[in-house]
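With this note's numbering, the residue at position 12 of the sequence shown is 12, and numbering never jumps.
Since the hints were derived computationally from the structure, they do not count as laboratory data. Here the structure is a predicted model, which is why all the values come from computation and not from measurement. Cβ atoms here follow ideal geometry from the backbone N, Cα and C, with glycine treated the same way. Among these hints, one or two may not hold up.
Unchecked claim - In the DSBU-like style, the derived pairs of lysine-lysine whose C-alpha atoms are separated by at most 35 Å in a straight line are:
{"hint": "1", "residue 1": "K35", "residue 2": "K50"}
{"hint": "2", "residue 1": "K22", "residue 2": "K35"}
{"hint": "3", "residue 1": "K59", "residue 2": "K74"}
{"hint": "4", "residue 1": "K48", "residue 2": "K59"}
{"hint": "5", "residue 1": "K48", "residue 2": "K36"}
{"hint": "6", "residue 1": "K22", "residue 2": "K9"}
{"hint": "7", "residue 1": "K36", "residue 2": "K22"}
Said to hold, decoys possible - DEER-style ranges, computed between Cβ atoms:
{"hint": "8", "residue 1": "R58", "residue 2": "A21", "range": "43 to 49 Å"}
{"hint": "9", "residue 1": "D60", "residue 2": "G37", "range": "40 to 46 Å"}
{"hint": "10", "residue 1": "M13", "residue 2": "G37", "range": "52 to 58 Å"}
{"hint": "11", "residue 1": "D60", "residue 2": "L87", "range": "37 to 43 Å"}
{"hint": "12", "residue 1": "T40", "residue 2": "D11", "range": "41 to 47 Å"}
{"hint": "13", "residue 1": "A61", "residue 2": "Y84", "range": "32 to 38 Å"}
{"hint": "14", "residue 1": "T107", "residue 2": "T86", "range": "43 to 49 Å"}
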Amino acid sequence: KRNEGMTLKMDSMKREVEGLAKIVDERDDEICRLKKGHGTTIMQVEGKVKISQEELTRKDAEIIELKSSMSSMKADLESTSESYDTLKARAKTIATELKDRRVEVRTL
């Protein structure tokens, strides 16, 4: 009887060990699957980061080009403003001279 009890106990322990081994194997498979998924995800993220960096570099170059263009336009604007002010002053001088000559002509 004692031997039978021990055999039953050994059988139940074997089943328990086999169950635990099965659980461990399932966990190992799951961990392996997660590692593969993680590797794929990392590669995707690295690809997206690379694309974002390239786009950022392109946009930085565009910003530099636009700043240069804006600087050139500011210089053109200043030149045009100076020309306009000069012409405005000249027109005012001519208008004043014309007014003075009209007054002279009337007095003659």
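Hint check results:
no.	hint	result
1	K35 to K50	holds (22 Å)
2	K22 to K35	holds (20 Å)
3	K59 to K74	holds (22 Å)
4	K48 to K59	holds (16 Å)
5	K48 to K36	holds (19 Å)
6	K22 to K9	holds (20 Å)
7	K36 to K22	holds (21 Å)
8	R58 to A21: 43 to 49 Å	violated (56 Å)
9	D60 to G37: 40 to 46 Å	violated (34 Å)
10	M13 to G37: 52 to 58 Å	violated (36 Å)
11	D60 to L87: 37 to 43 Å	holds (41 Å)
12	T40 to D11: 41 to 47 Å	holds (44 Å)
13	A61 to Y84: 32 to 38 Å	holds (34 Å)
14	T107 to T86: 43 to 49 Å	violated (32 Å)
The structure does not agree with the numbered hints 8, 9, 10, 14 stated previously, though it agrees with the rest.
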